[in-house]
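Asker: Chains as they are written, first to last, in this note's numbering: chain V, 1 to 270; chain E, 1 to 398.
Mixed in with the good hints, there may be bad ones.
Under the rule of at most 27 Å between Cα atoms (straight-line distance), these lysine-lysine pairs were calculated in the DSSO-like manner [claimed, not checked]:
(1) V:257 - E:275
(2) E:275 - E:94
(3) V:125 - E:230
(4) E:230 - E:15
Think of the hints as simulated: they come from the structure by calculation, not from any bench.
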Amino acid sequence: METGLTGVFSMDISRRNFLKLSGMGGIAALSGKSLNLVTSNLPWNVKKIGKYYDDPAPVEGVHYAMAIDTQACIGCRRCMYACIKENNIGRTSGIQYIRLLEMEESSFDLLNSNQYYTDAPKEDKWYLPAHCNHCDNPPCVQACPVTATWKEPDGIVIVDYDRCLGCRMCMINCPYWARKFNWIKPEVPEDEVNPEVPVRPVGVVEKCTFCIHLVRKGITTKCTEVCPVGARKFGDINDPDSEISYLLRTRRVTVLKEDLGTIPRVYYVG
Amino acid sequence: MFNIRPITILGVEVKLDMLFKGSKQYYGWMAILLLLISSGFYAYYLQLSEGFIVTGSRNVVSWSLYIINFIFFVGLAAGGLIVASSVELFGVKKLEPLLKVGVIQAFVCAVTAMAFVTADLGHPERFYRFFITPNSSSMMFFDFMILGGYTALSGVDLYALLTKRMRWLFPLAVVSLPAAISVHSVTGWVFGLVKSRPSWFSAIMAPLFISSAITSGLALLIIITLVLPKYTNIKFRDPHAIVMTLRKALSIAIPVDLFFLFNEILITVWPYAQKPEHHLGIHFIQHGPYAFSLYGEILLSAVIPFIIVLHPRTKNSIKWIAAASVFVVVGIFLKRIFLIMVGMSISPLGELVVYIPTVLEINVVVGFWAMAVLMFTVMIRIFNMDPVEHQVTAEFSE
Chain V
1 METGLTGVFS MDISRRNFLK LSGMGGIAAL SGKSLNLVTS NLPWNVKKIG
51 KYYDDPAPVE GVHYAMAIDT QACIGCRRCM YACIKENNIG RTSGIQYIRL
101 LEMEESSFDL LNSNQYYTDA PKEDKWYLPA HCNHCDNPPC VQACPVTATW
151 KEPDGIVIVD YDRCLGCRMC MINCPYWARK FNWIKPEVPE DEVNPEVPVR
201 PVGVVEKCTF CIHLVRKGIT TKCTEVCPVG ARKFGDINDP DSEISYLLRT
251 RRVTVLKEDL GTIPRVYYVG
Chain E
1 MFNIRPITIL GVEVKLDMLF KGSKQYYGWM AILLLLISSG FYAYYLQLSE
51 GFIVTGSRNV VSWSLYIINF IFFVGLAAGG LIVASSVELF GVKKLEPLLK
101 VGVIQAFVCA VTAMAFVTAD LGHPERFYRF FITPNSSSMM FFDFMILGGY
151 TALSGVDLYA LLTKRMRWLF PLAVVSLPAA ISVHSVTGWV FGLVKSRPSW
201 FSAIMAPLFI SSAITSGLAL LIIITLVLPK YTNIKFRDPH AIVMTLRKAL
251 SIAIPVDLFF LFNEILITVW PYAQKPEHHL GIHFIQHGPY AFSLYGEILL
301 SAVIPFIIVL HPRTKNSIKW IAAASVFVVV GIFLKRIFLI MVGMSISPLG
351 ELVVYIPTVL EINVVVGFWA MAVLMFTVMI RIFNMDPVEH QVTAEFSE
């Protein structure tokens, strides 16, 4: 009589293969990704609270990315200032999502960069805007002890300000220094508050959201909009006809610290 | 003055009356401690209400004095239980009088370490998130869990000692030794797994943390062994033998600690091994404002005490060993400063930042230190500190 059980046993799994399989399972269990699955599948973790990011909801099948033309960038910092206003960053907090790095000629060495230059552009320098890379393998998300930060389906890495403990583990694990802490209660002049973006409480970590409130409505990010030389291109890399896909196909691009394996989604076109 | 009698909770005799009996010295001591604690907690309240702007940390150096103290106290905690459990496991009969003291040291230091890491949180009231939305790929999560478990374990250990449940001691020691090692390994991995800070991203981190923990834990035990008989009515039958046994352990722990540090520094300075960011970290420490931490640590926690514990003229002198122990504890604290600052001072975008703690921040730290000392003082007064007499169960007992 062929029962289900004997069917299972008649499967051709030799002892050797079985050991191989279980060994692989063990390795998978030890690797970071599947470890993460253990807790991310807990019932209370499956639906993120996402109070700040449910409306507008992510568009299905979209994966946002940005390309920055470092040949065009003149280091004027207009993106940085526009970003502060757009995202209700505290005016006295000393935080910027975007940092402009003045780079030495013929060098990509971040250690030689200068973030405190006072006039630009200079003949013998080039400029590198640095902000959150919205990595596909984000160390900050993996390092957060309380799952207060995660990657949305459209590729945007966000922080839930109601969950954040303020332990700053993510800041330390970010190789791009993209995350900033609210050391002081953010002060935004009342007539300048952007109603679409929450003003953060003191003591939480915040970062670039790719202007999530705009891009999910089909508007481009603020920094892309204000760039006087059009050095930034923002779009959906899953759409072959988008400007950014065309750039990535036709131009040679680089990303910051590719050797760390974070798979950044901000590309630099040189 | 008050009519307070000893009470018994769960079979543990708690001599509450001892809190109010004592010399003027004792009352003065407690008054100073309480004053420091209340000023520390007021400073902590200011930090909570004003934000971390009142501390010296900023976006580049975002972990600072609290984390330095956190890893320092985790180290002392691990050291205490390692010694206490080795009495059972390796049958070091001479250290038996230290069982209770070692366990109390572990418990107090673990609680203080948790206080320090809580002081570093922007929103400590969201602590419950560790239980409802844990993230098991975060080493910080494991650090909290294991530190909590470790505190509970040292509490159970103390309970077993106070209620004379001798049968518990061996199984507890079997668990506590690996727990003590792992609590500090995990703390080391919080730093050792950070690939964005090249000076931390090193496999030697956890071993280095453990060797420092054992060294400072042993030194603190020597200090406690020598201080307690002077100021309390706790007497050890043969303090000289205890100190000499601890000295032997120290003479092994110090060179191991130095060797691990040497490994860490070697790969940053050897001509064809150094990577720019990694080298810059050490270079900044060597020539920057934190130079005292690197050189002070090498001298105080390694070179000077190592000479003292080995030199035939000093190694049998209690005074010299006491001095060496103080040097080790101070030196290991400097080492914690070095370990944090070497990774923290350079932002991943190549910016060098000098961190200077504020008075308020130091006030919080002093308050928490006073809290640790107060906890220790209270515990050795209210509990029955008579030495535990029992047959060591380990096979290789003397």
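Asker: Give a verdict on every hint.
Answerer: Evaluation of the provided hints:
1. Of the pairs offered as hints, the one joining residue 257 (chain V) and residue 275 (chain E) holds, with about 14 Å between alpha carbons and a cut-off of 27 Å not exceeded.
2. For the proposed pair residue 275 (chain E) and residue 94 (chain E), the alpha carbon gap of about 48 Å is over 27 Å, so the pair is violated.
3. Restraint check for residue 125 (chain V) and residue 230 (chain E): the C-alpha separation of about 68 Å exceeds 27 Å, so the hint is violated.
4. Between the alpha carbons of residue 230 (chain E) and residue 15 (chain E) the distance comes to roughly 21 Å, so the proposed pair stays at or under 27 Å and holds.
Checked against the numbered hints above, the structure violates hints 2, 3; every other hint is satisfied.
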